[in-house]
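Number of protein chains: 2
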Amino acid sequence: MTQWVYAFGGGSADGDTSMKNLLGGKGANLAEMASLGLPVPPGVTLTAEVCTSYYDNNNTYPAELKSQLVQGLTQIEKLTGKVFGSVDNPLLVSVRSGARASMPGMMDTVLNLGLNDETVEGLAKLSGDRRFALDSYRRFITMYADVVMGVHHHTFDDILEQHKDNQGYVLDTELSADDWTKLIELYKEAVHDELGRDFPQDPKDQLWGAIDAVFGSWMNDRAIIYRRLNDIPAAWGTAVNVQAMVFGNMGETSATGVAFTRDPSTGANNYYGEFLINAQGEDVVAGIRTPQTLTKIAREEMGETAPSMEEAMPEVYAKLAATFDKLEAHYRDMQDIEFTVEEGKLWLLQTRTGKRTARAAMKIAVDMARSGQLTQEEAVMRVDPMSLDQLLHPTLDANAPRDIIAMGLPASPGAAIGEVVFNSDEAESLSKAGHKVILVRIETSPEDIHGMHAAEAIVTARGGMTSHAAVVARGMGTPCVSGAGEIRVNYEEQKFTVMGREIKKGDIVTVDGATGQVFAGSGDFTAIMGWADEIRTLSVRTNAETPADVQTAVDFGAEGIGLCRTEHMFFEADRLGYFREMILASDKKGREEALSKILPVQRNDFAAIFRIMEDRPCTIRLLDPPLHEFLPHTEADIENVASATGISTSELMARARDLHESNPMLGHRGCRLGISYPEIYEMQARAIFEAQKLVKDETGKMPIAEIMIPLVSSAKELEILKKAIEGVAADVGGVEYVVGTMIELPRAALRAGDIAQHAAFFSFGTNDLTQTTFGLSRDDAGKFLPDYVAQGIMEKDPFVTLDQEGVGDLIGIAKERGRAVRPDIKLGICGEHGGDPASIEFCHKQGLDYVSCSPYRVPIARLAAAQAAISNRSN
Amino acid sequence: MTQWVYAFGGGSADGDTSMKNLLGGKGANLAEMASLGLPVPPGVTLTAEVCTSYYDNNNTYPAELKSQLVQGLTQIEKLTGKVFGSVDNPLLVSVRSGARASMPGMMDTVLNLGLNDETVEGLAKLSGDRRFALDSYRRFITMYADVVMGVHHHTFDDILEQHKDNQGYVLDTELSADDWTKLIELYKEAVHDELGRDFPQDPKDQLWGAIDAVFGSWMNDRAIIYRRLNDIPAAWGTAVNVQAMVFGNMGETSATGVAFTRDPSTGANNYYGEFLINAQGEDVVAGIRTPQTLTKIAREEMGETAPSMEEAMPEVYAKLAATFDKLEAHYRDMQDIEFTVEEGKLWLLQTRTGKRTARAAMKIAVDMARSGQLTQEEAVMRVDPMSLDQLLHPTLDANAPRDIIAMGLPASPGAAIGEVVFNSDEAESLSKAGHKVILVRIETSPEDIHGMHAAEAIVTARGGMTSHAAVVARGMGTPCVSGAGEIRVNYEEQKFTVMGREIKKGDIVTVDGATGQVFAGSGDFTAIMGWADEIRTLSVRTNAETPADVQTAVDFGAEGIGLCRTEHMFFEADRLGYFREMILASDKKGREEALSKILPVQRNDFAAIFRIMEDRPCTIRLLDPPLHEFLPHTEADIENVASATGISTSELMARARDLHESNPMLGHRGCRLGISYPEIYEMQARAIFEAQKLVKDETGKMPIAEIMIPLVSSAKELEILKKAIEGVAADVGGVEYVVGTMIELPRAALRAGDIAQHAAFFSFGTNDLTQTTFGLSRDDAGKFLPDYVAQGIMEKDPFVTLDQEGVGDLIGIAKERGRAVRPDIKLGICGEHGGDPASIEFCHKQGLDYVSCSPYRVPIARLAAAQAAISNRSN
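Chain order of the listed sequences is A and B. In this text, residue positions in the first sequence follow our numbering: the first is 111, and each later residue adds one. In this text, residue positions in the second sequence follow our numbering: the first is 111, and each later residue adds one.
There's no promise every hint is true.
If several chains are the same, the list does not tell them apart, and a pair holds so long as it fits within one copy or across any two.
[As the list claims (entries may be wrong)] Here are the simulated DSS-like cross-link-like pairs (lysine-lysine), alpha carbons at most 27 Å apart as the crow flies:
#1 Lys436 x Lys698
#2 Lys906 x Lys826
#3 Lys806 x Lys546
#4 Lys906 x Lys832
#5 Lys429 x Lys925
#6 Lys811 x Lys925
#7 Lys699 x Lys833
#8 Lys806 x Lys455
#9 Lys893 x Lys833
#10 Lys542 x Lys436
#11 Lys906 x Lys833
#12 Lys832 x Lys893
#13 Lys707 x Lys546
#14 Lys605 x Lys955
#15 Lys235 x Lys811
#16 Lys893 x Lys698
#17 Lys546 x Lys833
#18 Lys176 x Lys274
#19 Lys803 x Lys936
Hints were generated in silico from the structure; no laboratory data involved.
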């Protein structure tokens, strides 16, 4: 017989934490805590399979559920010594959802269930507090009627407000027991008036109603939307927990609270949380009363006067602290805990792994590894690679320990990392170019508004909490440290000095607006990345072509360039003219003349890159986009180009028409240009080779050039173009290089065996490979991809996360066929998927040699590669 | 030691017909004939390997070649009793190329080699005809100087003309031996003047010079271009034949001629050819004298007076006829033969399988099968499927025997098949719409010129060989039968009657302008296609959607519709308006309203198709192209549509802009439209189902509908759309159908296993599959495909012949994965490759169930499918 109901409490449980899929997160952890001997109010969990069965069978329950639940209730009664529905000694329960994945606030909860006109009197007698009992009953009616019966809680709020007006009350606490008795009658009448039936008095009816409502809430609109947004399948279902009530609102020795075993914002190893004396959980949330701190230190730090729990309830606090340590040690991670104190006795209502900021995640992982609670590998697994993006960017000087360089006023909260700039105009222009900047000023004035808008954070040497900088930053929600008096800003030299150190324009700093700290580097980041680098087997390269980007990527740990897009160089103003001249030339001679003007410029471009990359390999892709992309499109542009080149507008437009394509993505581009206009690739190869020699003359070392031919669909294309490149190399003389190809067309993947005969490496261009494999234009997909994701046709945007089933299959085919012919062929990926953790794991599993991604994604890729290596260990 | 030289003659030979790759076609067949005991002038063949070696080794010959050639010459001397270079008894030879594949006229030939100032006297003595000897010598000088030495033959023509002018001669025959002697001196002087060296007198030098020239001609421009056009690899090389000269110009008992063992134009089983008495081969070609017929019957048929060979040389003719029979029986195919009669003795200079018209090929194959010379399968293999296209189209009434319906004057030669029309305007408009038409008029006038231009052939009831129709048709090169007096043309009723039969507009007739016959049907075609149908295992379907095309395809033997493109129906004027209304509607309700107007029209479209197709399956593809294709593009069109629909031009243009796509091929089309706008596919499904019921009510039989979803890339798309179709089917009720999909994206091929779970059939859309596999837009490829073919990157246009290595690999993958999940899944191909014989063979080898092609390609596909079955028999 299927077990539909799992019991917990009294030092043992049917389930444990490994059974999250069946019992939900809450139920599994309650069971685990009960087994650990921690004080958990006894209860039962109706499994997620009940939910699935309920929906599969037209909203009916399995036949055995009822008897199993009765049996479970009996056990709760035994453990609590109370009886469900008893007038003298009533057992009250909570009914709460609890799915496999946390869905905070999405589903329904009912507290105080079991109260009715009779049991409320029992509770009054038992607690010795009639007002408490009546308050609990009216809360129950409100919540149950709202959640289960569909009477909006405004109905009850209105009745309450009117009664308070009539009586001249302001606060709820002014209401007497008689007032509550009267209001309870009014509440019940309101239910009857609205629904035509009475509020249920039988606790069993109440219980089934609540269970129905919680299972039903799995399919409410909020829950459906939340699941869609968070990729949670509806088929998982939710469990339902029915648990004995404990009361934090039974007087001054009772309390309720929430806590984290560490600070979820900074990761600091301090207990963190808040509690309220004589309150139920909902009061903490409601925000009517200000919660108190948990620890004395926290109270002092925040300058609060209300006593901390450590001070107010030292004995219970000591038990709670011991529980924190026990739970963190048991779960080996920071815990998020709900607790209630009922007349001096501690009860735990929930524990779960706590959510945290990226910065906290890093710190907690490193701290726990350093204290021996975790291995370094486990620590590496604890940081979500994508959170590095949220953390903005790691520091340039990745080897520095956490390094506070200045302290000021915590003028506007939040943390940010970026490059230092000293001038608002520059802040704005760098920000537009994609940089993250920290604006550092002696003080700000209204003329700095545009720079402050552009900046990730603001630091001033002068000014208090009400200075211009502080006020404006808070208004913008931008982190700000003001009045950092030790720093000496030197606008002329674009630097500031502090305690003998110099921070120059472009240096990376972190600003913590909540603490007033400014620091360079993060020891946690350095540690995690260092461990990751030891573990990972995939190399990480970057897609970059400007010296600035190349330098950034190297600073972020890039081990090579995986994709240098040479056409980006042609778009710059000083050479676009020559390139257009080439396009507009009427014959090969004219093209060669124009190309000869571009040659020295490209040579310098490549030399600059080689100088930065030193002995790291550089994969340089020859011209890829169709020529029409380089021609002017608007009338004004056409006229400008016409007057600049002396070519008539009509001729320009004719050439543009001539080059127009129906499907440029599938058109005359990539190596097809190299076949049609060999002189273009020959010029580019020459620029590469001459740059190599130039840099070798300077440094004594030959730069490592890997020349990449794009859009190959057959071996013959590569063979012809490679031969041409070899001709140029022989002509230049004394260079070292290899030639390889992008695999970005399905046919290239299928013919990888032939192609590998001529290719030293394959770089999977997964952007275009995705477009052609799906027959899906990235530029046009926006019109229907939302429909596709909504209907579950695509789980993820295949341009963000690699489609392993389709595109990945082709990569596997290409790998096998390529390696069969050339076992040492180097394999990498240079589409945007190179910076996506799921795709990186796929690349690791496929045994590729490297991934290549944009500079700011390099740390993400390093971490994701390490996680992939750990997750896929064969032992 | 490699054998570089192969001898033949005197009843034996070193080689045989199987050695064409080594000896070339000419050399192999000369060897074969020699071994058969036929009279072949003895000779030797320098193999094609000599040619390859020559080019591989910087234009030098293998060391052993010289001695082997000397040995071969010695044997020729023995067999002829003449001596090469002998003054008294000179052996003369011809030097001719002979490659594996026939390359008529592309390479060089030298005749009469061995003559010089001394041997010419020996030849004169030996032949007793000094003038003949001198004539041969001057011919030799001209030919050798032109071919080998590079002195243009105009030089010699000019000298000859000037001499004739000086002497007052008109004809060459007026020149005396002395004249020739004088001219020979002038010729030799001209060579010396132009080249600074003498015409070679040593026969051995002459021989090597000629051999050099013939091998050299393998790489002349003509030969290179010819090979490129005919897909002949340069690596094959050519052989060179050195053969004893025989002379057809040694008087009235000598002759030369060419013959076919059957009529190469009609295929009739009559000897066919022409000959000239006292002439060399080149005279026949030069056309100075009119050749005589071979047979008496031919002479009588053509009304010639000059005696036929049968009459002029009965004994030699009898030997020749016996040789024809022997060669045809030996080679089991119609032969094309060159012969020379030297003083009453027959010599054979060449035999090869003769080229023939498509009609002749069919007739010869059928006749030889019926006479037991070939099996039916061999006969089927003898007809090139693509030649059916050249033959134009088979007759509508494919079961009719060859059926002469009229005779007239053979006014302009050539044969054609087409639909009868009676009016020049209609001939022109039908022709523009792709029809082949035969213009039938009582007589033509200058007002008919446009119709005559458009027509495949012209038939008139009145008029002679110099009538308007006859003169104009001959000028145009269009076949014409004039004065077909028995036919009675009735313009009013658009028909003609002849001998009690009625031929209506649109009926198919064949016109043979060479014989003056007009007939309907071809028994040979029927026979071959019948045999092909018995043999083939692939089904043949058609791509068609108009009732006219569907009817044509059925008449041509289509066994089903493989692709009915429903969007073609939307483009017709009466529904384009509604469809645009749907596109322009702002919401689903508006779209549904517009679609409801299209529904009855589509229902009628489908009903019309079902009526014609009867119990044949119809695969109907739901809407495929992007919506913007249906919107007006030009300003004028936009304004027309605006005024017709009441929608403003600005709104129209906005919607068009909104729908614009960068790469429409990869855009919002196919099933993606079905996902975004389910109402469109639902309307189409409803139209199909309602049409089925309509036709079932009429005929009592349920039409077989196969609904095809285009552009699927994942199983989920198909699952969702199939469910929607099932919903419509349930709503309509009582219909039978299956749902399947196009496989036209690489991802669909890769995910064929998943997709097969929902698909009753796969139809490979190889047009789009080729585009996406290559990343190659068909519309844009024209700019560089020529470069690609020229550089050998692509052997064939992959849109014409399926790329078996890439696209074919995906088809194989899809087949395996699809059949693994659904073993009985039906597989077909509906791209244009479905009508290409090489692609059809691929489909056969892959074990597909059917191919589908345009109506006029159905017979080609039937024949190609049979040939594929024969060629790929495992036993």
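Hint compliance check: list the failing hint numbers for this structure, sorted ascending. 1, 3, 5, 6, 8, 10, 13, 14, 15, 17, 18
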